[in-house]
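The lines below spell out each chain.
Number of protein chains: 2
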Amino acid sequence: MSKSVAGPEIERLIQLLAKVPGLGPRSARRAALHLIKKKEQLLGPLADALAAARDSVTVCSTCGNVDTRDPCTVCTDQRRDRGVIIVVEDVADLWALERASAMNCLYHVLGGTLSPLDGIGPDDLNIKPLVERISSGEGAKEVIIAVNATVEGQTTAHYITDRLDGLDVTITRLAHGVPVGGELDYLDEGTLTAALRSRTSL
Amino acid sequence: MSKSVAGPEIERLIQLLAKVPGLGPRSARRAALHLIKKKEQLLGPLADALAAARDSVTVCSTCGNVDTRDPCTVCTDQRRDRGVIIVVEDVADLWALERASAMNCLYHVLGGTLSPLDGIGPDDLNIKPLVERISSGEGAKEVIIAVNATVEGQTTAHYITDRLDGLDVTITRLAHGVPVGGELDYLDEGTLTAALRSRTSL
Numbered sequence: 003m004s005k006s007v008a009g010p011e012i013e014r015l016i017q018l019l020a021k022v023p024g025l026g027p028r029s030a031r032r033a034a035l036h037l038i039k040k041k042e043q044l045l046g047p048l049a050d051a052l053a054a055a056r057d058s059v060t061v062c063s064t065c066g067n068v069d070t071r072d073p074c075t076v077c078t079d080q081r082r083d084r085g086v087i088i089v090v091e092d093v094a095d096l097w098a099l100e101r102a103s104a105m106n107c108l109y110h111v112l113g114g115t116l117s118p119l120d121g122i123g124p125d126d127l128n129i130k131p132l133v134e135r136i137s138s139g140e141g142a143k144e145v146i147i148a149v150n151a152t153v154e155g156q157t158t159a160h161y162i163t164d165r166l167d168g169l170d171v172t173i174t175r176l177a178h179g180v181p182v183g184g185e186l187d188y189l190d191e192g193t194l195t196a197a198l199r200s201r202t203s204l
Numbered sequence: 003m004s005k006s007v008a009g010p011e012i013e014r015l016i017q018l019l020a021k022v023p024g025l026g027p028r029s030a031r032r033a034a035l036h037l038i039k040k041k042e043q044l045l046g047p048l049a050d051a052l053a054a055a056r057d058s059v060t061v062c063s064t065c066g067n068v069d070t071r072d073p074c075t076v077c078t079d080q081r082r083d084r085g086v087i088i089v090v091e092d093v094a095d096l097w098a099l100e101r102a103s104a105m106n107c108l109y110h111v112l113g114g115t116l117s118p119l120d121g122i123g124p125d126d127l128n129i130k131p132l133v134e135r136i137s138s139g140e141g142a143k144e145v146i147i148a149v150n151a152t153v154e155g156q157t158t159a160h161y162i163t164d165r166l167d168g169l170d171v172t173i174t175r176l177a178h179g180v181p182v183g184g185e186l187d188y189l190d191e192g193t194l195t196a197a198l199r200s201r202t203s204l
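Chains as they are written, first to last, in our numbering: chain F, 3 to 204; chain W, 3 to 204.
Derived by calculation from the structure, the hints in this document are not laboratory data.
Misleading hints may appear alongside valid ones.
Note that the list lumps identical chains together, so a pair holds whenever it fits in one copy or between two copies.
To be verified - Derived lysine-lysine pairs resembling PhoX-like cross-links, with alpha carbons at most 25 Å apart:
{"#": "1", "residue 1": "Lys130", "residue 2": "Lys143"}
{"#": "2", "residue 1": "Lys21", "residue 2": "Lys41"}
{"#": "3", "residue 1": "Lys21", "residue 2": "Lys130"}
{"#": "4", "residue 1": "Lys143", "residue 2": "Lys39"}
Given the structure is predicted, the values throughout are model-derived calculations rather than measurements.
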């Protein structure tokens, strides 16, 4: 705001809210007003929840997931198949795969992809701990590389495959194909080619 | 999330973030992850800012603005023209008018509009204090009614005009017309008619 119409506490709240992904300067003001109006129901609880997260959230030293304990809820869940590890770029991907509920297994979060242009090399990612995790004989039989289907993702997938070469583990990757509910008309040629090549019998 | 992949503190944070206007369940997860990753730069400061707002924000007993002091920054600003009071529906409108920096005067926040269907009558709005503010002879010479150009807003404007009738104050309203930068092609007939009627000489 050009002129200050509210106290510095409110101005600071708006500035910080504007940095939250999904909110901009305009919606941050709207959010701040809404929070102030719902002081008891929302502003207070959100302040407490953020403080609790700040004080308790940590990164799992085994898989790289974020949680309030280390090892994390996923790594310590004994009902999971410990023979399968899904390698993902980001915690958000882990959450997305968990929402799909397709597998009940372990994960490994890389924390990004190899990107020489941005100066991100193998040592900047959580790759060495993955190799150690597999070679230590913890029981992993399959590693599913579930990185994004981008150039950087595929480069990273190849690098990890090389690093795991020789270890007693099966390496797989996600299938390419038509998204469920997707319309062929809107898909790119690469996806259509992959979907045709990997066609299955009805 | 169907299965819990993170501790209850993170789940609760996501649930609360999803209630912030501008964020939904999906973007709340993204926001929570971003906050967790930027623990020192964003999560911590935001927790503190929210706690500070919770502890210090109050409603101005004079004009209905929200601020960290009562009377608020606007009401106590001696450089403002105390002869003009702009009546708005909501604090957001006050902030919007302040951003425009067109006037340097006082405000009065109604806290809504008359809406018999929703059971909102004159006593539910900040109207009586406005009448008292004008009749007490604080020095107000003009009341600009800047409510939204909706049916409820206009009904409220008429009601306030009636209530202020007989007091020594000029009552004005915002001009109707073509928004600056607006294209005629996209405007409704009511706006075009109003803009034609209130045409000014070049």
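Cross-check of the supplied hints:
no., hint, verdict
1, Lys130 / Lys143, "within (18 Å within a copy, 74 Å between copies)"
2, Lys21 / Lys41, "both (21 Å within a copy, 13 Å between copies)"
3, Lys21 / Lys130, "neither (33 Å within a copy, 39 Å between copies)"
4, Lys143 / Lys39, "neither (54 Å within a copy, 31 Å between copies)"
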